[in-house]
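There are 2 protein chains.
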Amino acid sequence: MTGTATVRLSLEEVHALCLDTLRAAGLGEAHAQAIARSITRAEADECRSHGLYRLIGYVDSVRSGKAERHALPEFTPAAPAVLRVEAKRGFAPLAVETGVPALIAAARRSGIAALAIHDCYHFSALWADIEPVVEAGLVAWCFTIGQCCVAPSGGTTALLGTNPIAFGWPGPQRRPFIFDFATSASARGEVELKRRAGEPIPEGWAVGPDGAPTTDPAAALAGALLPFGGHKGFALSLMVELIAGPLIGDLTSRQAKAVENGDSGPPLGGELFIAIDPAVFGIDDLPARLGAARELFTLAKAQPGVRLPAERRYAARARSRVEGVEVPAVLHAELLALRG
Amino acid sequence: MTGTATVRLSLEEVHALCLDTLRAAGLGEAHAQAIARSITRAEADECRSHGLYRLIGYVDSVRSGKAERHALPEFTPAAPAVLRVEAKRGFAPLAVETGVPALIAAARRSGIAALAIHDCYHFSALWADIEPVVEAGLVAWCFTIGQCCVAPSGGTTALLGTNPIAFGWPGPQRRPFIFDFATSASARGEVELKRRAGEPIPEGWAVGPDGAPTTDPAAALAGALLPFGGHKGFALSLMVELIAGPLIGDLTSRQAKAVENGDSGPPLGGELFIAIDPAVFGIDDLPARLGAARELFTLAKAQPGVRLPAERRYAARARSRVEGVEVPAVLHAELLALRG
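Those protein sequence lines, which keep their order, are chains R and P. Start counting at 1 in the first sequence, then tack on 8, and there's your number in this note's numbering. Start counting at 1 in the second sequence, then tack on 8, and there's your number in this note's numbering.
Heads up, some of the hints might be wrong.
Copies of the same chain are indistinguishable here, so a pair counts whether it falls within one copy or spans any two.
Unchecked claim - Quick list of in silico lysine to aspartate or glutamate cross-link-like pairs, DMTMM-like style, CA-CA up to 20 Å:
#	residue 1	residue 2
1	K309	D68
2	K309	D293
3	K96	D293
4	K96	D292
Hints in this document: simulated from the structure, not taken from any laboratory. Predicted model only: the values in this text are computed from it and were never measured.
Generate the whole structure from the sequences, applying the supplied hints.
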């Protein structure tokens, strides 16, 4: 067996593997179910950095006692258009599932609404968090911090999280425009996958512990990643740090690092959602406005070399429903061993 | 007199020059006042791309009949937390001044609120639009389209506007963290200033009319600018296009270009504001949360080579109050001639 050998699993098998592994680790059933759904959706979309590989960190954070195994998320309205879910140091997926229906209702009622997930361990893909909001016909954003491993643009010391941003537009039907990217030049998960694969990272992604540019993923993980797009990406990273941290009463990624126990799971933190109902801005012309958006997507795709966010994921989703997914054999063996 | 000769003007003189020029062009007094305030603030902050140079385009759009000289912005609440100002094809600054106090009140009432400025000619700096919201203690964003001159990442044909994003955080006092950047690699105004100065533009900013990379600002203006940060900047540009266009019932930058009369003023379009009151997320700990944000700014600035957005503007603001501003003599003469 080489490093590139794979095992093919159906999505049902992926889901069962998640559920069995999380149950065996002693995680509460509602959390295990929500995380199994989350990981299966990531695998279905070939979003491997948030797929089965994440089971290792989830199990690690259950075993280390960092994540509350049976935390029941508690919903509270904070203001007429602002909702809050106390995750009580549980994993995020169950808290997100708890809050999202109320966010959709509040956005329809008030035109715009926000949802803060407080005090959670977030380890899943952001596009998956907003997809139900977007499929309900709303425009949506969400933001969370990530592990504190990103230096400011021009600097060399980690101060910021990978701080991803997701945005979604409710169209075209069943294949909405959704993007989700780290404000670092790469996600930390991508660097870790490169390290596991023994491959170098591109220039411009990171500096080593000495502050010098590096293409060695291990040096990057020991040093600092860099923001994408220079000072603009740095500004966006700071924005995410502020609105998913201090704004909603949660930690900055640096504060989260200070309370970390060093397991391979996610840092403690918060997540902010914003949703807007396009129906409130005009009564009659919503179809025409959605049509103008669709034209924009069509014209972009008509240019050779242009790809829209999420298209690769939707193609993978259609394929994996039929064919299942390829899982590296080494990872599969590691996951089976996790059940102990 | 060489091309680098300058004239020194006090901020009062800048304001008077704007007012006299706009009145002489026949623009309604309320609009002239609002634009004079807007341009004077940009000059005070040495934000030259949105300073006196913009008078040429404003006057051009008055003379061409594109902008309504006496349009009175009309305020309407669209939903409990969504407000709307019909600018009626007038310039944006008066419409923004009309809507912003209501946005602040709505965000305090509902926790989060949005304001759509509909059917306006936007030609001012976005940081100035949100500064009053941020100084009122709120977190704020605003978005608008720009001239349709940006190709999708990987493409070569202009489809998107320069689509700037502004974000502000209410601290530190009197020098809030505010950033404002084009989602193109550069603002169109910067390319135009380079062309006026006879200087090349950096690589990566643009492609020429033939689709090949160029450093010639004239070729860039005839071809297409590129998004900053590759596919991530492209995704953000599309987001701005959608939320400042179709979402609020306004034009995409491409639709705006199609109805353009070709004068040197701004395209027709909309502007979206979002504001959040940090006080709604927790009753007692707001000072601590603002402190955590302040620490983030302090630690970023402590790294050699790191500069925070807006710092250069605030330094310029303190200086120009005392010393006034330097205006290129060529531009000053051109502006004096504008009064006709």
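Requested in this report: Sort out which numbered hints this structure fails and list those numbers smallest first.
Outcome: 1 and 2
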